[in-house]
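With chain D fixed as given, assemble chains X and A onto it according to the hints.
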Amino acid sequence: MINGGTHCCSKGDSVKVTVRRAAVLCLLLILGIGVMETSATGLLAQSMQTSQQDEFVPIDELETEDQLPAAPLLIAAYGFAWFAMFVYLWSIWRRLARVERELASLASRTTER
Amino acid sequence: MKRFFAVAVLIMRKDLRVETRSLELFLTTLFFAVSSVLVFAFGFVRNGRPVENAVAGILWIAIAFAGTLALGRTFERERYHDVLRSLLLAPVDRPAIYVGKLLGILTLLAAVEVVVVPLIALLFQAPLFRHPVLLFLLLLLGTLGFTAVGTLFGAMLVRARSRDVLLPVLLYPITIPVIIAGVRGTAVLLEPEMDLAIVRAWIGMLAFFDVVFITLSLWTFEPVMTE
Amino acid sequence: MFPPLIVLAMIFFVCAPVFIAWAPYESTMGLVQKIFYFHLPSWAAMFVAAIVCGIASAVFLFKGRVIADRIAVSSAELAVVFGLIGLVSGPLWARKAWGVWWQWDARLTMALVLWMIFVAYLLLREYGGPGSEKLAAGVALFGMANVPFVYWSVNVWRTVHPTTNVVPTLVPGMRGALWWSLVGFLLLYALAMMARVRLEEQRAALERIYRELDD
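Protein chains in written order, with our numbering: chain D, 1 to 113; chain X, 1 to 227; chain A, 1 to 215.
Excised from the complex, chain D in its bound form:
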């Protein structure tokens, strides 16, 4: 059923294995969609009973005292996004510079020999 044990022999075998695995994946997908659709009705019924959605009040109807200022949240979100990307790109740049420095020093050392 499943080819294992020794390392794969010929190209033909590995193609067969790949095709078999693709077929199993398709089967799993179909099975999964079937399971998910049949479970959908049951779970939808249960979540109808959750009260979270009932407590949701659109912002226009909310009292002004209950309203949070949106601007700090918005700025924090965008600010963090920029900050995170910047820090990450800078960390790549720093690591790359370090490795390239080492490569250069090694190259100069080997040419000296």
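Derived by calculation from the structure, the hints in this document are not laboratory data. Treat the hints with care, as some may be off.
The calculated DSBU-like cross-link candidates involving lysine-lysine, where the alpha carbons are at most 30 Å apart (straight line), are [to be verified]: (1) X:Lys14 with A:Lys63; (2) X:Lys2 with X:Lys14; (3) X:Lys2 with D:Lys16; (4) A:Lys63 with X:Lys2; (5) A:Lys63 with D:Lys16; (6) A:Lys63 with A:Lys134; (7) A:Lys134 with D:Lys16.
Okay, the calculated beta carbon distance ranges per label pair [to be verified]: (8) X:Leu89 with D:Ile30: 34 to 42 Å; (9) D:Ser91 with A:Gly129: 19 to 27 Å; (10) X:Arg130 with D:Ile33: 26 to 34 Å.
Chain D is faced by these chain A residues, among others (derived, beta-carbon under 10 Å) [said to hold, decoys possible]: (11) Ile35; (12) Phe62; (13) Arg65; (14) Glu77; (15) Leu78; (16) Val81; (17) Leu84; (18) Gly90; (19) Lys96; (20) Thr109; (21) Trp180; (22) Arg196; (23) Leu206; (24) Glu212; (25) Leu213.
Only a predicted model underlies this, so the values are computations on that prediction, with no experimental measurement involved. For glycine and all other residues, C-beta sits at the position ideal for the given N, C-alpha and C.
Below, chains X and A alone, put in the same frame as chain D:
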């Protein structure tokens, strides 16, 4: 095909024979599971009554913790005697080794659950056995899913550094869907008016998880175990 | 390839705030909804990174191509970064729109789990010692198997989180800003990937030289 299962059963019997001689893993895992349940009892009980839905969570967390311990110890034992390398050198289907180890650990966890589940039902006065067949299915499929991923990762980490801490680090995020399905399914079972459709939905999902994870594990066991 | 992409990415990010500001207000959530224009593209980029990592890991695991491993680790890092942006922008939006920082509904839970899987991937690569590349590839495969569950979960469980039907029903003004940001984030992903893969290649070259020197 027959040979595949013959090898798997052989490996399982080997593991069980080693285990029954000393009972080390069974007793330590069982005691650990019971201790966890006690700790949760102090944490989640209010005014002498268990917090709602805590029982389902306590049950499955105990299984997850005990399972991680059992997996870690099983593969530590293998590593110590270099058994895994010998098994991989043998002229057998590699996935059969995986299935054999999976069955062995599953049996161990099943034995632990046989004690822990009634104990939890007793300590928390929870009507866990009102629908025994459904409970059995949930426990079987859930433990199977957890163990399937755990066996793969445990075997993978045998030669890795920091393997003790890395096993739970890798295992828990990936098996969270199994735990969620198990807990929610058990919680619905405990309700006075159980909704059969919902429990069946969760059981169906657990079965689907199991199929996906076991298939993936069977495919990745060989490439991951070889250099 | 690199410089023109950088210029393009810069254009996108400079113009993005303008388009976002021009987009019409959403009636129920007001100003804070504009976090959406970074939040959704960030998660989209994270999903792309996750899938790329998963596929690259599969190729590495079953075919043994080293370039696939380099792509996998780079993509995993980016998945963590973009996921972090999504995980921070989401609660900031949620605090205003739903009144709570976090909800344990299906989509948020699964997204958090997916993010943690890639953090675990990076931890394994960092602390697992030699040979952890293949192990991590196995972990990434399992992580990728979770992606469809995240996407599907919103449509099955009714949650407070907007369903995936939101995008086609957007007002044209909003749609433009969203697609603009989406392209911008994907460009950013591509750029960062190129830089990160180059880092891995240079590291490998360095290791090779050290090994040759040892001989």
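_Tell me if the interface restraint on Phe62 of chain A is satisfied: Cβ within less than 10 Å of some Cβ in chain D._
8 Å, holds
*Could you grab the alpha-carbon distance between Lys63 of chain A and Lys134 of chain A and see if it respects the 30 Å cut-off?*
11 Å, holds
*If you draw a straight line from the CA of Lys63 of chain A to the CA of Lys2 of chain X, is it 30 Å or shorter?*
The hint holds at about 29 Å.
*Consistency of beta-carbon spacing, Ile30 of chain D to Leu89 of chain X, with hint 34 to 42 Å*: 39 Å, holds
*Does Ile35 of chain A pass the interface check with chain D, least Cβ-Cβ distance below 10 Å?*
This interface hint holds because 5 Å falls under the 10 Å limit.
*Per the CB criterion, is Leu78 of chain A less than 10 Å away from chain D?*
8 Å, holds
*Take a quick look at whether Lys134 of chain A and Lys16 of chain D sit within 30 Å of each other, Cα to Cα.*
Holds, at about 23 Å.
*asked:* Using the nearest Cβ pair, does Leu84 of chain A come within less than 10 Å of chain D?
replied: Because about 6 Å separates Leu84 of chain A from the closest Cβ in chain D, which is inside the 10 Å limit, the hint holds.
*Report holds or violated for the interface hint on Arg65 of chain A, using the least CB-CB distance to chain D and a cut-off of 10 Å.*
14 Å, violated
_Supplied contact hint for Thr109 of chain A, tested at 10 Å Cβ to chain D_ = Thr109 of chain A check fails; min Cβ-Cβ to chain D is 14 Å, beyond 10 Å.
*Residue hint Leu206 of chain A, partner chain D, criterion CB-CB below 10 Å*: Holds, because the Cβ-Cβ distance from Leu206 of chain A to chain D comes to roughly 6 Å (cut-off 10 Å).
*Per-residue hint verdict: Leu213 of chain A, partner chain D, C-beta under 10 Å*: 8 Å, holds
Hints 1, 13, 20, 21, counting from the list given before, are not met by this structure.
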